Amino acid sequence: MPSFLFDQASVKTQLKDFFKTEKVTINNFGSTVNQTFEAKVFAEVIKWYRDNGWTVNIISPIIKGNPTFKLKFNTRGAPRNYSYARCSKDGRTCQIRHGLRVHTKSYDLRNNKSANIVCDIVIMEDINIDDFTSDTAISNDLLIAFGEVKHMSAYAELIASFIGLVHELKPEKLKKIRVRKWQRGDTISSFLYVSGLLYRTAEGLVETIKKRKYDIDIYSFNNPMN
Amino acid sequence: MSSTDFLSEAPKFITTRFNSVNKYVWQTLFPDQTIKEQLIKCKTKAEKRKEISRLKGISEEASTVVFLFLINKFFTEGSKAAKQAVDTFKELGIKGFYIGGNYFSERNEKVIQGDKISEKLLNSIKDDKAKELVTKSNYVSEILDKYRSLI
Chain A
1 MPSFLFDQAS VKTQLKDFFK TEKVTINNFG STVNQTFEAK VFAEVIKWYR
51 DNGWTVNIIS PIIKGNPTFK LKFNTRGAPR NYSYARCSKD GRTCQIRHGL
101 RVHTKSYDLR NNKSANIVCD IVIMEDINID DFTSDTAISN DLLIAFGEVK
151 HMSAYAELIA SFIGLVHELK PEKLKKIRVR KWQRGDTISS FLYVSGLLYR
201 TAEGLVETIK KRKYDIDIYS FNNPMN
Chain B
1001 MSSTDFLSEA PKFITTRFNS VNKYVWQTLF PDQTIKEQLI KCKTKAEKRK
1051 EISRLKGISE EASTVVFLFL INKFFTEGSK AAKQAVDTFK ELGIKGFYIG
1101 GNYFSERNEK VIQGDKISEK LLNSIKDDKA KELVTKSNYV SEILDKYRSL
1151 I
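From first to last, the protein sequence lines stand for chains A and B. Per my numbering, the first sequence runs over residues 1 to 226. Per my numbering, the second sequence runs over residues 1001 to 1151.
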């Protein structure tokens, strides 16, 4: 095996031994790492609201008589069984929810089937949804913004898939909004947050998003939210 | 050891997550035109074969170090995300959170698990030059630039 900057053969043997020894620990780490990133982004969104002058309270379900902080890492589950943040500022209130089902913009109550999507992060109007079941979706007009979280690097197809989600959930944001006079308001814009980097193909799409002046954000390792 | 034999003992999610590194490195180092430009300098078929073999060697070594860099980042970023989450929640009066049966709080074992694995990974690599390429680089592009200079 040729060597250029280091002894590749030895390093590969050492790596093989490392995986053999640490396989169990790495598997345990891997079993929670995606959800850890989701928790971090949920926390970051809360932080964004706090940093922008909102007062934030965490509302948690009562379990065994005590409020118990519980995140929703699954598409299944009634919202009342999970924690959320209630934010208030200047008489306005909103909620930040984790893993919430939302009706698409085009869905009509007269339709035969429900058209909804479970979003990783949802910023919604402050209404009581304690009677919602696992299958109930919030009405689209209650949706302020949403966030998709991916623990990976982004390629073009991932960015395109996110634009597709925005098209279904907040199509009004896919217009020429971020013109010169545009200023970020008091609420977050819908976003895709990847833990890794944007590959060159993804960067190409992000550039076209900026040129089209869409009101959405792509956050990454190199471009964090806060 | 063939190019990916070292992954034979790795958990499946690692091989799935990083299986495109070789392709990514090859395509980044050698866009079609670069290969043509390199090979046009060779006068005989034997020289061409030798040159292709050299370029593949460069790409394979770069892939190994890029893999090391990315997997190390994967571990440390996992811990960083956990720390940021517990710290923000703590400011809101929440002591910790569960993912399945795993409890994340303060700097407990689960929160620093990624850092510990990264430490073990770097300790297992005895080659200082390889380790330096991983720890002194901030981006994959920095590593690839070093290999690009060998082409």
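Rather than coming from a laboratory, the hints here were simulated on the basis of the structure. The structure presented is a predicted model; accordingly, all values stated were derived computationally and were not measured. Note that CB positions come from ideal geometry on N, CA and C, so glycine has one too. Treat the hints with caution; some may be incorrect.
[As the list claims (entries may be wrong)] Cut-off 20 angstroms, straight-line C-alpha distance, at most; resulting in silico cross-link-like pairs (SDA-like, lysine to any residue): (1) K1129/B - A9/A; (2) K1126/B - S10/A; (3) K1095/B - N57/A; (4) K1023/B - K23/A; (5) K1095/B - K150/A; (6) K150/A - K1080/B; (7) K47/A - Y219/A; (8) K1023/B - M152/A; (9) K150/A - K1126/B; (10) K1090/B - T55/A; (11) K1126/B - P2/A; (12) K64/A - K1023/B; (13) K1083/B - G196/A; (14) K1056/B - K1090/B; (15) K1136/B - P2/A; (16) K47/A - T1088/B; (17) K1080/B - N27/A; (18) K150/A - N1019/B; (19) K23/A - K1056/B; (20) K1090/B - S10/A.
[To be verified] Only some residues are given here: those of chain A computed to face chain B with a beta carbon under 10 angstroms: (21) F4; (22) A43; (23) L71; (24) T75; (25) K176.
[What the hints assert, rightly or not] Over 12 angstroms on every C-beta distance to chain B, these chain A residues come out as not near it, computed from the model: (26) K20; (27) S31; (28) K47; (29) S134; (30) T136; (31) E172; (32) T208.
Results of checking the hints against the structure:
{"no.": "1", "hint": "K1129/B - A9/A", "result": "holds (13 angstroms)"}
{"no.": "2", "hint": "K1126/B - S10/A", "result": "holds (8 angstroms)"}
{"no.": "3", "hint": "K1095/B - N57/A", "result": "holds (15 angstroms)"}
{"no.": "4", "hint": "K1023/B - K23/A", "result": "violated (25 angstroms)"}
{"no.": "5", "hint": "K1095/B - K150/A", "result": "violated (25 angstroms)"}
{"no.": "6", "hint": "K150/A - K1080/B", "result": "holds (16 angstroms)"}
{"no.": "7", "hint": "K47/A - Y219/A", "result": "holds (15 angstroms)"}
{"no.": "8", "hint": "K1023/B - M152/A", "result": "holds (17 angstroms)"}
{"no.": "9", "hint": "K150/A - K1126/B", "result": "violated (33 angstroms)"}
{"no.": "10", "hint": "K1090/B - T55/A", "result": "holds (15 angstroms)"}
{"no.": "11", "hint": "K1126/B - P2/A", "result": "holds (18 angstroms)"}
{"no.": "12", "hint": "K64/A - K1023/B", "result": "violated (52 angstroms)"}
{"no.": "13", "hint": "K1083/B - G196/A", "result": "holds (17 angstroms)"}
{"no.": "14", "hint": "K1056/B - K1090/B", "result": "violated (50 angstroms)"}
{"no.": "15", "hint": "K1136/B - P2/A", "result": "violated (23 angstroms)"}
{"no.": "16", "hint": "K47/A - T1088/B", "result": "holds (7 angstroms)"}
{"no.": "17", "hint": "K1080/B - N27/A", "result": "holds (18 angstroms)"}
{"no.": "18", "hint": "K150/A - N1019/B", "result": "holds (18 angstroms)"}
{"no.": "19", "hint": "K23/A - K1056/B", "result": "violated (30 angstroms)"}
{"no.": "20", "hint": "K1090/B - S10/A", "result": "violated (44 angstroms)"}
{"no.": "21", "hint": "F4", "result": "holds (5 angstroms)"}
{"no.": "22", "hint": "A43", "result": "holds (4 angstroms)"}
{"no.": "23", "hint": "L71", "result": "holds (6 angstroms)"}
{"no.": "24", "hint": "T75", "result": "violated (16 angstroms)"}
{"no.": "25", "hint": "K176", "result": "violated (33 angstroms)"}
{"no.": "26", "hint": "K20", "result": "violated (4 angstroms)"}
{"no.": "27", "hint": "S31", "result": "violated (7 angstroms)"}
{"no.": "28", "hint": "K47", "result": "violated (5 angstroms)"}
{"no.": "29", "hint": "S134", "result": "holds (18 angstroms)"}
{"no.": "30", "hint": "T136", "result": "holds (24 angstroms)"}
{"no.": "31", "hint": "E172", "result": "holds (30 angstroms)"}
{"no.": "32", "hint": "T208", "result": "holds (21 angstroms)"}
Going through the hint list in order, the structure does not satisfy hints 4, 5, 9, 12, 14, 15, 19, 20, 24, 25, 26, 27 and 28.
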